[in-house]
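Student: Please construct the entire structure, taking both the sequences and the accompanying hints into account.
Residue numbers (the working numbering): 1 to 264.
Calculated directly from the structure, the hints in this document are not laboratory data.
For each residue, glycine too, the CB sits at the ideal point set by N, CA and C.
Heads up, a few of these hints could be off.
Label pairs and their in silico Cβ distance ranges [what the hints assert, rightly or not]:
#1 Ser-72 / Ser-42: 45 to 55 angstroms
#2 Leu-178 / Gly-221: 18 to 28 angstroms
#3 Ala-96 / Phe-227: 19 to 29 angstroms
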Amino acid sequence: MGHLDHATFGWLTPVLSYVMACIGAALGLRCTVRALGATGRSRRNWLVTAASALGTGIWTMHFVAMLGFGVSGTDIRYDVPLTVLSLAVAMLVVCAGVFAVGYGRDRTRALLVGGLTTGLGVASMHYLGMAAVRLHGDVTYDPMLVGLSVLIAVVAATAALWAALDIKSPVAVTLASLVMGAAVSSMHYTAMFAVDVRVTPSGAALPGATAMQFIFPLAVGLGSYLFLTSAFVALSPTTGEREASASAQQPGDSVAGRQQARTA
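Tutor: The structure is reproduced here in structure tokens:
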């Protein structure tokens, strides 16, 4: 039986994965707030941005944490197509949950459906990512801890969608993001503690890519996307700011119109 180490780089990967989860949560909340204040195509675009930020943050959190995962007695590789599929699942299910809230008429039903869909999707993303792990041995799971991790994912997703509807101020969004980041990280490590590996020593080469060959560059790329999106959201005017700017321009337009009328 191999010894599992969830933090081979010490506190670096747990802390960094938590930070990525918080950034994704904060962006998702801010974009959803913008979406609820918009209409038409603008609402849809903000909801898509919110879903991509949340999905990217959750996926990046998972695989940054996985950079610190090691098993004594065996190397670890990752199946590239399955890993990419786990990212697609994260994006799609979070998008479904966010759109359910963004366009749902019945608030309670939207929260329940969106929270359940998103939570199950986050859990699916995690276990798809774990299915992509290749090592010399057999991986088994503790069913109780697996069930607990899924429950945490559903509760965390429902809380995130509720926060998107009810929390508006930047300070409240920041606090909610810290709590949501902790919830998502808790789901990840609960699921990881459910893992048991029975190592079968072998000299055969493992298929797939190492974490540094594939996971690390992809995580860096997605992390960069989150930071660039953060800058975009921070610099984009809110609905209130656009309305204030439009109302401030109207008197000037009226004066200009009167002057043109006198000249004519």
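Student: Now tell me, hint by hint, if it's right for this structure.
Tutor: Hints, verified against the model:
{"no.": "1", "hint": "Ser-72 / Ser-42: 45 to 55 angstroms", "result": "53 angstroms, holds"}
{"no.": "2", "hint": "Leu-178 / Gly-221: 18 to 28 angstroms", "result": "25 angstroms, holds"}
{"no.": "3", "hint": "Ala-96 / Phe-227: 19 to 29 angstroms", "result": "26 angstroms, holds"}
Violated hints for the displayed structure: none, as all numbered hints are satisfied.
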